[in-house]
Amino acid sequence: MARFIRNFAEKAPALVSAAVTYLKPRLATFWYYAKVELVPPTPAEIPAASQSVKKIIQSAKTGSFKQLTVKEAVLNSLVTTELRMWFYIGEIISKRGIVGYDV
Amino acid sequence: MVPPVQVSPLIKLGRYSALVLGMAYGAKRYSYLKPRAEEERRVAAEEKKRLDELKRIERELAEGDTILK
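Here the protein sequences line up with chains A and B, keeping their order.
Residue numbers are given in my numbering: position 27 of the first sequence equals residue 27, and the series is strictly consecutive.
Residue numbers are given in my numbering: position 63 of the second sequence equals residue 63, and the series is strictly consecutive.
The set of hints was computed from the structure by calculation and includes no laboratory data.
Cβ coordinates follow ideal geometry from the N, Cα and C atoms, glycine included.
Take these hints with a grain of salt, some might be off.
[Stated by the list, open to error] With a straight-line Cα cutoff of 16 Å, these simulated EDC-like cross-link-like pairs (lysine to aspartate or glutamate) come out:
#1 Lys28(B) with Glu91(A)
#2 Lys28(B) with Asp102(A)
#3 Lys34(B) with Glu82(A)
#4 Lys12(B) with Glu45(A)
#5 Lys12(B) with Glu37(A)
#6 Lys12(B) with Glu82(A)
[What the hints assert, rightly or not] Computed list of chain A residues with no C-beta within reach of chain B, every gap over 10 Å:
#7 Phe8
#8 Lys11
#9 Lys24
#10 Val70
Let the sequences and hints guide you as you build the complete structure.
Okay, here's the thing in structure tokens:
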């Protein structure tokens with residue numbers, strides 16, 4: 001046990017620096033995309049969002065959603081699934097456990 | 001590298017509001033479930049105590065080792 005700790009303490013800095021050099025470029029690409037794609041919406045974008053909602057309601061009223069191609073419909077369902085996943089992630093964060101409530 | 005996609009504002013709004021709603025739902029449900037779980041634990045502990053008492057009496061009767069010998 002003591003030898004394990006000593007070996008670990010000797011090897012840890014090398015492991016940490018190896019992990020850092022592996023992660024740095026990947027974190028850079030993640031940040032490059034996240035800065036544009038994962039940014040929360042600014043208040044200036046709310047009118048555009050309400051316009052999109054009106055368009056969706058319009059297409060539901062006139063029945064023009066039946067003219068969507070299957071590919072578009074699949075993409076829409078993927079977007080909806082991603083929205084549900086964000087909801088579950090919020091729930092996981094607030095209940096501080098991945099599966100089940102820890103009461 | 002592929003340039004990043006401009007996400008539509010509706011999707012962005014939807015994502016972050018879903019996140020906030022999920023956190024609110026989780027917090028509410030947690031505070032709803034917590035007292036019920038404690039009540040259940042209390043009831044289970046009392047039941048266990050009662051059963052242990054009964055088992056003890058039974059054991060003592062079997063050994064013939066009560067005060068009423």
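Now the hints, each set against the structure:
no., hint, result
1, Lys28(B) with Glu91(A), "holds, 10 Å"
2, Lys28(B) with Asp102(A), "holds, 14 Å"
3, Lys34(B) with Glu82(A), "violated, 30 Å"
4, Lys12(B) with Glu45(A), "holds, 9 Å"
5, Lys12(B) with Glu37(A), "holds, 9 Å"
6, Lys12(B) with Glu82(A), "holds, 11 Å"
7, Phe8, "holds, 37 Å"
8, Lys11, "holds, 34 Å"
9, Lys24, "holds, 16 Å"
10, Val70, "holds, 20 Å"
Going through the hint list in order, the structure does not satisfy hint 3, though it satisfies all others.
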